[in-house]
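Chains as they are written, first to last, in the numbering used here: chain A, 57 to 365; chain B, 59 to 334.
A few of these clues could be false.
Unchecked claim - Okay, derived cross-link-like pairs now, DSS-like style, lysine-lysine, Cα gap no bigger than 30 Å in a straight line:
| hint | chain 1 | residue 1 | chain 2 | residue 2 |
| --- | --- | --- | --- | --- |
| 1 | B | 164 | A | 280 |
| 2 | A | 280 | B | 166 |
| 3 | B | 165 | A | 280 |
| 4 | A | 76 | B | 225 |
| 5 | B | 165 | B | 256 |
| 6 | B | 165 | A | 235 |
| 7 | A | 293 | A | 327 |
| 8 | B | 108 | B | 225 |
| 9 | B | 313 | B | 166 |
| 10 | A | 76 | B | 192 |
| 11 | B | 108 | B | 192 |
| 12 | A | 59 | A | 202 |
| 13 | B | 140 | B | 106 |
| 14 | B | 164 | B | 192 |
| 15 | B | 294 | B | 225 |
| 16 | B | 313 | B | 108 |
| 17 | A | 339 | A | 202 |
| 18 | B | 165 | B | 140 |
| 19 | A | 202 | B | 165 |
| 20 | B | 294 | B | 106 |
| 21 | A | 235 | A | 280 |
Said to hold, decoys possible - Label-pair distances were calculated between CB atoms; the ranges are:
| hint | chain 1 | residue 1 | chain 2 | residue 2 | range |
| --- | --- | --- | --- | --- | --- |
| 22 | B | 246 | A | 86 | 35 to 43 Å |
| 23 | B | 113 | A | 205 | 55 to 63 Å |
| 24 | A | 332 | B | 110 | 51 to 59 Å |
| 25 | A | 332 | B | 309 | 44 to 52 Å |
| 26 | A | 172 | B | 246 | 34 to 42 Å |
| 27 | B | 322 | A | 188 | 38 to 46 Å |
| 28 | B | 248 | A | 172 | 31 to 39 Å |
Think of the hints as simulated: they come from the structure by calculation, not from any bench.
We put the beta carbon where it would ideally sit given N, CA and C, even for glycine.
Residue strings, one per chain:
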Amino acid sequence: MNKLATRAAYGDAIVAAGAKNERIVVMDADLSHATMTCGFAAAYPDRFFNAGIAEANMTAMAVGLSEMGYIPFISTFAIFGTGRAYEIVRNSVAYPHSNVKLALTHAGITVGEDGGSHASIEDLALMRAIPGMTVLVPCDEDQTHKAVQAAVEYEGPVYIRLARMPSSNLAEQPFAIGKGSVLRDGQDVAIFTCGLLVATALEAAEQLAEQGIDAAVINMYSIKPVDRKLIHQYARKCERIVTLEEHSVLGGLGDAVAHELLANGACPILKLGVQDQFGQSGKPDQILKHYRLDRDSVCEDIGSWMRRD
Amino acid sequence: MQTHTLSLTRKGVQLRRDILTMITRAGSGHPGGSLSVIDLMIALYYGKMKIDPQNPAWEERDRFVLSKGHAAPALYAILADKGYFSRDDLAGFRQLGSPLQGHPDKKKLPGVDASTGSLGQGASIAVGMALAAKNQQRDVHVYTILGDGELQEGLVWEAAMAAAQYKLDNLTMMIDNNGLQIDGTNDEVMSLGDLAGKFTSFGFDVIELADGHDFGQILDALEQPAENRPKCIIAKTIKGKGVSFLENQVGWHGKALSPEQLEVALSELVVEDVAE
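Model the full assembly from the supplied sequences, consistent with the hints where possible.
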């Protein structure tokens with residue numbers, strides 16, 4: 057299967073978007089060859105601004121750019137863009153509902169060799185907690201293009217979470233802010249997932265089928281707003297929910313899904329993700345295995361949970 | 059006194075009355091810094107900036123960012139006087155449901171170009187605005203005012219570096235240098251050292267004003283062109299300026315005057331008393 061990191065897809069998508077819309081400008085904080093905004097910088101040098109290694113200033117400057125009519129996309133690693141610059145995102149970007157797009161790469165534990173200091177495991181939690189923030193996690197190349205386009209068309213702050221690790225290109229899916237997409241139907245359990253673990257969930261579902269467990273797989277690329285209807289529909293249908301994300305189980309997709317189900321009473325939920333730990337150095341696929349986010353571990357954990365009672 | 063500066067001085071007295079009345083009515087707010095900064099803002103709004111209060115969203119207007127957002131009463135007094143909204147609305151300052159939030163909220167109030175309050179961020183926003191205007195080749199000048207204590211935020215210096223890097227000669231950063239902050243003097247809390255030297259070395263044209271309440275000095279400084287680089291005006295001001303018992307008092311940073319104290323203050327702020 058053809059693979060591409062969503063950060064690389066973003067690099068292409070933002071050039072394509074820039075060709076269509078002259079209001080789009082890009083800022084980076086000295087990481088343009090890692091976030092892949094270097095393509096935009098080469099194509100549109102008069103619409104690319106390097107902030108230097110100053111993520112906080114980049115974020116607030118982007119607010120100024122947006123006030124003057126530009127649509128700024130700002131890029132750095134997710135750990136810095138949502139972490140170091142958090143309060144600026146909160147007060148200067150989101151509080152006035154500025155039209156600033158955070159396209160942040162190297163999110164999650166699959167940042168790899170750089171290790172735990174660079175592995176953002178709480179970015180979804182931070183961004184989800186801010187009123188009016190839209191949070192998107194595209195799972196592949198096509199979705200990344202669509203997420204960028206959706207962010208351009210939407211007036212307001214958007215966080216797009218992008219990965220360093222290549223992920224499998226899946227069949228094309230429709231994309232809309234606030235929607236999820238059912239990639240595989242099932243009766244016994246519904247796996248809600250996002251980003252590069254969508255492909256993992258599909259593989260795990262194949263394996264679960266061999267054990268007699270019929271699992272649905274739902275790509276929740278829109279973490280906020282979240283597709284409530286789909287969550288309730290599958291809670292009714294399967295009566296068991298699994299969430300799977302390359303993020304802390306605290307505050308991310310798992311909690312977004314659980315939040316919707318709390319009011320409706322009992323529906324057992326298994327939250328798979330980073331279990332309140334930091335990331336660490338290693339090859340991305342080794343790391344996923346270590347944190348039990350590879351296909352086999354996911355399959356085992358879902359299987360044993362399903363058989364427990 | 060020249061006619062223009064006389065009228066600005068009188069405006070200063072009038073607006074100080076509005077500021078203190080607003081804060082006392084709310085029972086909270088920041089009188090000291092509002093009174094130190096107001097004359098710098100009057101010079102901008104009544105003597106320099108290209109604005110149209112009838113059309114707050116006019117794209118070619120100059121922009122103003124009150125980076126020291128806690129001086130919101132000063133901004134509100136001016137915007138009301140200019141007609142961006144009714145002076146009656148000043149009574150709602152800090153009240154539930156009012157567009158006059160404790161710190162400026164651009165979503166809620168016409169005439170506010172940036173939501174501020176968290177220190178340092180306004181300066182960065184202003185740099186972004188100036189960069190955009192320059193890139194778009196628009197005749198828009200961006201003004202931002204920072205407190206001196208605010209300069210302890212590292213973000214300000216990130217913004218200053220960027221302003222010089224992008225040669226933002228359409229940006230004027232003004233420092234309300236009253237020397238005081240919440241916990242004491244700047245020197246006691248965290249000394250700012252050689253401010254003029256710092257901004258010069260960061261690539262700014264620096265103008266120091268001995269009296270940031272002297273409209274002649276302020277307007278002269280605003281008129282001086284900066285070539286290929288941003289401008290920084292460091293204005294020596296007096297916290298609580300205009301009311302004897304507020305002047306140079308650390309304790310009046312974020313505390314409202316009682317109705318009785320307000321009465322005494324207003325008796326010192328009489329427009330007709332401003333000598334020609």
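Hint by hint, here is what the structure shows:
no. : hint                          : in the structure
1   : 164(B) <-> 280(A)             : 24 Å, holds
2   : 280(A) <-> 166(B)             : 24 Å, holds
3   : 165(B) <-> 280(A)             : 22 Å, holds
4   : 76(A) <-> 225(B)              : 29 Å, holds
5   : 165(B) <-> 256(B)             : 35 Å, violated
6   : 165(B) <-> 235(A)             : 28 Å, holds
7   : 293(A) <-> 327(A)             : 18 Å, holds
8   : 108(B) <-> 225(B)             : 22 Å, holds
9   : 313(B) <-> 166(B)             : 24 Å, holds
10  : 76(A) <-> 192(B)              : 22 Å, holds
11  : 108(B) <-> 192(B)             : 16 Å, holds
12  : 59(A) <-> 202(A)              : 17 Å, holds
13  : 140(B) <-> 106(B)             : 14 Å, holds
14  : 164(B) <-> 192(B)             : 23 Å, holds
15  : 294(B) <-> 225(B)             : 26 Å, holds
16  : 313(B) <-> 108(B)             : 34 Å, violated
17  : 339(A) <-> 202(A)             : 29 Å, holds
18  : 165(B) <-> 140(B)             : 19 Å, holds
19  : 202(A) <-> 165(B)             : 29 Å, holds
20  : 294(B) <-> 106(B)             : 20 Å, holds
21  : 235(A) <-> 280(A)             : 9 Å, holds
22  : 246(B) <-> 86(A): 35 to 43 Å  : 36 Å, holds
23  : 113(B) <-> 205(A): 55 to 63 Å : 33 Å, violated
24  : 332(A) <-> 110(B): 51 to 59 Å : 55 Å, holds
25  : 332(A) <-> 309(B): 44 to 52 Å : 45 Å, holds
26  : 172(A) <-> 246(B): 34 to 42 Å : 39 Å, holds
27  : 322(B) <-> 188(A): 38 to 46 Å : 44 Å, holds
28  : 248(B) <-> 172(A): 31 to 39 Å : 32 Å, holds
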